[in-house]
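Novice: Those sequence lines, one after another, are chains Y and U. Each residue of the first sequence is one higher than the last, beginning at 74 in the working numbering. Each residue of the second sequence is one higher than the last, beginning at 17 in the working numbering.
Derived from the structure by calculation, the hints contain no laboratory data. Treat the hints loosely; a few may be bogus.
[Said to hold, decoys possible] Below are the DSS-like pairs computed for lysine-lysine, each with C-alpha atoms no more than 30 Å apart in a straight line:
#1 U:Lys611 / Y:Lys202
#2 U:Lys597 / U:Lys571
#3 U:Lys611 / U:Lys597
#4 Y:Lys139 / Y:Lys201
#5 U:Lys524 / Y:Lys201
#6 Y:Lys201 / U:Lys554
#7 U:Lys571 / Y:Lys325
#8 Y:Lys325 / Y:Lys285
#9 U:Lys736 / Y:Lys102
#10 Y:Lys165 / Y:Lys225
#11 Y:Lys225 / U:Lys597
#12 U:Lys611 / U:Lys554
The structure presented is a predicted model; accordingly, all values stated were derived computationally and were not measured.
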Amino acid sequence: MSSRKSKSNNVIHAEYLSQVQRILQVQYKHLIELLKRTAIYGESNSVLIIGPRGSGKTMLINHALKELMEVEEVSENVLQVHLNGLLQINDKIALKEITRQLNLENVVGDKVFGSFAENLSFLLEALKKGDRSSSCPVIFILDEFDLFTHHKNQTLLYNLFDISQSAQTPLAVIGLTCRLDILELLEKRVKSRFSHRQIHLMNSFGFPQYLKIFKEQLSLPAEFPDKLFSEKWNENVQCLMEDRSVREVLQKHFNVSKNLRSLHMLLMLALNRVTASHPFMTAADLMEANQLCSMDSKANIVHGLSVLEICLIIAMKHLNDIYEEEPFNFQMVYNEFQKFVQRKAHSVYNFEKPVVMKAAFFYAQQLPACLQEMDAGQFPPQMATCIHLQVLKWRGGIILIQIFLTS
Amino acid sequence: MACYSTRLRTRQTYSWVGKPFLNPKLHYHSYKEMSVKIEGGLTEIHIQVGQFVLIEGDDDENPYVAKLVELFEDDSEPHSKKRARVQWFIRFCEVPVSKRHLLGRKPAAQEIFWYDYPACNSNINAETIIGRVQVVALGPDEVIPMDLKNEETLFVKLSWNEKTFRPLSSELFAEFDKLRECSPRCQKPVGAKTKAVRSPSWTRAEHDIKRIESRHSTSKSRPTPSHPATPRAKKRLELSALKTPQKTGEIHSSCARNDKKASPDCQRILRTRVPALNTMEIIEERTLKPIYRGWPSSVVPSVILTPKNIKKREAEEPEAQDETTSTSHRIRRKSSFLTLNRIRQQLRFLGNSISNQEEDEFLPAAEISDSSSEEEETSTPPLRGRTSSRVSRDPSSSMKSSLQTPSKTPKKTPKPHTPRHATPQIRSRNLAAQEPASVLEEARLRLHVSAVPESLPCREQEFQNIYNFVESKLLDHTGGCMYISGVPGTGKTATVHEVIRCLQQAAKANDVPPFQYIEVNGMKLTEPHQVYVQILQKLTGQKATANHAAELLAKRFLTQRSSQETTVLLVDELDLLWTQKQDVMYNLFDWPTHKEARLVVLTIANTMDLPERIMMNRVSSRLGLTRMSFQPYTHSQLQQILISRLKNIKAFEDDAIQLVARKVAALSGDARRCLDICRRATEICEFSCRKPDSPGLVTIAHLLQAVDEMFSSSYITAIKNSSVLEQSFLRAILAEFRRSGLEEATFQQVYSQHVALCRMEGLPYPTMSETMAVCSNLGSCHLLLVEPSRNDLLLRVRLNVSQDDVLYALKE
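So here's chain U without its partners, still in its complex pose:
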């Protein structure tokens, strides 16, 4: 986008073109055209109602984009002001950072969004208009042309309402269309017209679309006639510069009157689309019929005008959905209304009392009253934040008029202070990570614990059990609990993840009903009650305090709801959810027992007897007896895991793999350890054979070295490498222990032994301070366990190593 220098504004003069006509209702003069004359230059830009304009904003590089809806004179001011009413568009960079991920793709450079947010102030000072711009509307699956030479063309594909990105509704397309038709040459007052279009009718249609989107999956299978409200029109409109009147949904040829630069581009685009447009006319005739039956509203005329240029199959599918969803929506309404309203009221009630922070999460009262048509609206846009931020930023806010709040500079910059919605990310690296070059590096990559294997060998039985359990619950539409235990590194979490992955695939293939999967980890919580907050947030996206979240969840799981998916909840590190009253665990296990909850809870912990050891009877009884225990891997299993990871790579000797598998199986059976040792061994191998041509094979020697590094106790080397006095102090301790027969001595006793030893060995007399320093040195390494040193002579000293180890280490 070119840089629009707003400094020029001072030298621009704005004047009305044409005669004013009086708006009967509002008593002010409106105009159809305005001319901007740049002083010193000969250029004069005519801006007409209905065109797209650039408006001066905070950012010179990216001025705001809007469609001019009305131009009028504000008489209430002493020296009359030129005002304009606009419909905003929003650039991606103006979308709050926290919401940007909702788009789900990278935005094109010149993409803008229809700003569907009625609360936004649309009344601006006409003199903030910088110039015209070209805006093109695109259908949902059209590609935004990337290589356009004309930088001044922007593309609209989706609308943004502070919460979601949605495709443009047909009404909007129609509006684009109409605007072009009655473009300036027709000399019709467009302001009034567009206002009519902006009536609730299209907002309503938009909600329908939203519902359709959300219910997409459920309605897939039903073949029914199309629903009229949302014909997915796709076309391109060149609105700002077009002057040629268009008749109907024929091919639109365009000619830019003023913007000569843009016209060749536009025509090129349009030409490519010609065949599609033609074929679509027939389809349109047929599919549009149900419109009259379905929605006899203001939508109708505009829909007729809407051409469709999608292929037949594509066109029918969404329409089929539309129908089904709208019917199901109607059915759903009755049942869900009651609960919904109840919840809303509850929310409102709580929302007032809880905190500021939550206030904008929940519905304000006004929204509740007329929310009948928009069930999924569980939260309102942060009204307050937006308006206030605009006013505060607006330099011209001081000159308020009675009619409109003047806001010269529209506001749409992302608000930086929204931590709750921020999607934090570590910045990405400038240089791509190198890919492994040698066999050893490749092996190392595959041996990393984080590498996800295609299959989990040696856990087939456990996998099958968990899979069957969850699947049966899904099919039966019931809930249940399962307790999975096992020492760390036995693949518990990995197996459950694998199960869920398979089930999600099955759900996609319609083998099992769709379900929602939520995962919480006790270790990733700051305290047990936070688990409610996490579950609620992952379930609904709401944020609440722990107590409030618990209430909401209880309400959600315990009240009757129709047509609701099963929820699968994985609770990792369950033992950390223990509280004095055990209410967290109780709730987690109690919810699945209710029929309506449809909650499957999978819990994971390290200890096998956790239910018996720490849970109260009522909690462990609800947990049930579906238990599963992961045994530590045996050496053959570990071997199999390593072999499966190193498939097709010859980096290890077979004996070496067997050795490490046996070593680890004997120690802990922790697969992570096994992988870590192998990874370290590849490093040692690489390090030891530096010859460029030989790739190197990890041998038993390398592995043994790695095992030694990881498992050998460092105490003996530490004692061997300690200074002379430290060694003699340790000897003194041993002597004192032997003398007293106890495993503990005071510093004073050890000191006398130490002095005697030094005398024997011909060392200089050790002073008290020196010896104390030696003692605390050994203490800081935890070779000795010592009391805080303020006890001085009465300091008690114990060995942290076995006496045999010390003796062995001190033997020369």
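Chain Y extracted, bound-state conformation:
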């Protein structure tokens, strides 16, 4: 059964591809036409694919390239260069990578990776040699395009766009980025050379379509070997989709983010609960998965605190309420704690000052998110560490504190 499970996961991947193609039909057509013109007519182009994270930019370009390469006359004729702004952090590394991917280093032997300047003029000369009709078109894919704009002088981008705007080797420069203000990052002469084609991927679907995607991703395809199981499974998926609690979970998820990748994560968590003894996904699985996904990390931290630490937090919160976000020092926290202990002497053990100090200090170290800016300069002499407490308004934390106080 576990093999079946993994199979269904694979199916999800395949479905996802076609899904992207269908949802992004217009953009897909635009891109594939553009790539074909470069590959077949040798027309240079540049385009930016812009969309928030998880909107399917990489999927779109990969799918388009895959289709392009299936065309017989194209597959032999096109060179691809894939660059990523996170890997090629400056132009020098990028140039090396381009040379490598264009298989130019064997033309010149082992010394190709000479100086940066040599490399640049080498590559420019290589690209300048070609012309529209006889040279092999090159498709440049620049992932995390916005990071390339931070390179010095934007030399690489200028040269790529310049070649794409002049009668040299045909180039298609495709940038992928999630920044909407990408054009403002380009220098004016670089911007002028960019063709200003933009393909926006915006996740522009509504909740009904989201549900459909959910269903399609979970359903088994017709060619699944075990027909009986596949039918049952698909029925179950249909039931799930109509279930009210499932819809609620999905609606909540949809509200947070329209990102299909996060939906995918949620479904993976739920699917992992499917076993031989528990062959079908239930609404409970999905709800549990959702709980896992939307867990509040800060509440989790508070769950693991000791009594003393909780007391200290409450003390700090009091102070914070009193002094309206003014910073306070350790002595103030300690006094507040003392007051609290005197009131509830029967339930809380009165700790020594150094112990409290240690707890507070420890706590500050472990929870840098809640406590900040320990002023080390004032710390040892007067034991008056200046601790700046932020407002602790997490829900779980407050519930926990209330439980503690009532018990």
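Here the structure of chain Y is known, so what remains is to put chain U in place on it, guided by the hints.
Specialist: Using the frame of chain Y, we list chain U on its own:
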């Protein structure tokens, strides 16, 4: 070329034919003939001195080709070795990849080159000889017959000396000729003879030819008697198989003694050439006279034998050149010697200190001392590289003899590791690019920015100004600077290119003096000082480090030189050449002020006030006041540009063109934008009307869609398409801004607003983690500007969009 199986070698026996005669100087026995007997077979090949042979090499398909100069026995070895001395030929595939472009054309399949490179080891083991081959020498403008059935014939047209391809000198032709005359039946020892021919006399003549080539343009006009050193002989020689002795430059009939297959071909070739040969004899008589006066050297006898079969006019022209160039060369010598030697010494001095890499670019000391006759030699062949590579590859190098370095397998394969000279190229496509089929496709092709229009409309005035400026400098033999500014996409570089193109045409027509054009682009440099390297490389082909290149250039531009062309230098994207000390700019503008430099510098940048803003006074003062500014195109100009590009094509409605011109003129006046929009509009048009018969006309609607795609802000669509929580977070930000009256808020403040908003709208309580994820999502799109998330609650949040836009987008 057939495949010569070198495996057979093991079954071949080599033996001398005829009696040895003792070489008086060198004390070894030399022979005239050798026979190769293949074991098991009945064939026996006789190879004689002077014939062309194939020699076993690294590549079985293409064995090395050489001419046998001498056969001798090496006595210094315990068991005596059969050795041979050869003159190498080189195949095109053996020329280093980086130098192949020097040929300037595609080599014929069976073309080989005379390997004029004395440093190459010519001493080989005689047992590496595979067999004979036929080599035919061709004149400079004879065509290599392509459809020869006999694959074993190779053609020599040029000689190669590791630096340049040159036509074969007359001496070489003579040598070919003589070889045939005293071909084996005459029984004369050819080895000695050829050695004599290989004496410096012909190398010298070769240098002359080289000079003649290089000075070709200047000497065109002077009608003077011919120079003897280089009668451009053209003929065909069948050397390897010819046995019939020839008398003089008559028609050579050939008969291949052994190679029956080859003979019909040869005769056919020769027959076609007969009339030409006859007519040339008369000319030759006359033109050869000055020989005695000019060069009383060893050249003479061979020249007399050389027949000429070119037409009269053709024959006289090169000779006229020869004369003029040789005289001018003599004049030039005196003046240029001093500077040249100085530079050489400088080079040597620097070359030693700088690096290994540069060493073989500059002259080693030995070359300098005797370089008087070869002025243009600025670099030496990479001696070291060649010999070392050969020795290392040679399997038989272990058995070194005292007399010769034995190298059985000659070496001439291209060295792969020469990045500096490599001419890189993207591989060409297998399938030709499709040509445009429809009107729209044709229009799209013409609208591409890269398409070069025949004329540049709307820049006539600027064109004229720049043209006049450069032309006047050229005519006056002075230098000067010009600064051209303008926003991107206004045709600055295109106009300058057009000017240079026109001037180059004018120079061809002798209206203006010839000039050298160099272009550098600040954006194509990795750092400002690299500009020196680029200029030097484009000027002289040398490579040097930035500092060294600056020195060389300064020397070149600041010292007095005679008879030197003006240099026109285009510096694009000047602002990137800015350095702290501004020394690059200073130099670029300082050189033209010197009288000897003859340098015209055209600089291009985007900003009009660049000289005032970033340049020091001494730099901007040298730049001068010759400024020109390209205004952004107006809508009528853009319209004109589009119309001129779309001449004779009806793809656009007239109104549509006007619309796009007005739109772009209002935005930026960037011609590139205009063309891009039109190109996109043709795509949209094609996409929308898919009917096969209607070609489709680009309408205003299509253009508007294209303009929208390119210029519309994506923020509003992005906000409209964001998730519910993201939208409510943006609302919370707006509410917080309104509450505090500031344009910035911390995450904590926004969070409290967000919670309140969610409660109001009946959304489930948003946890801190969820909200943080939403915030960073918006931040990654740069709808919000956020600090790094380690600040957590105190994270400061700002809007990257105007509040009005957000409100508009959030309104349902």
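Novice: Out of the numbered hints, which ones does the structure contradict?
Specialist: As far as the earlier hints go, 1 and 7 are violated by this structure, in ascending order.
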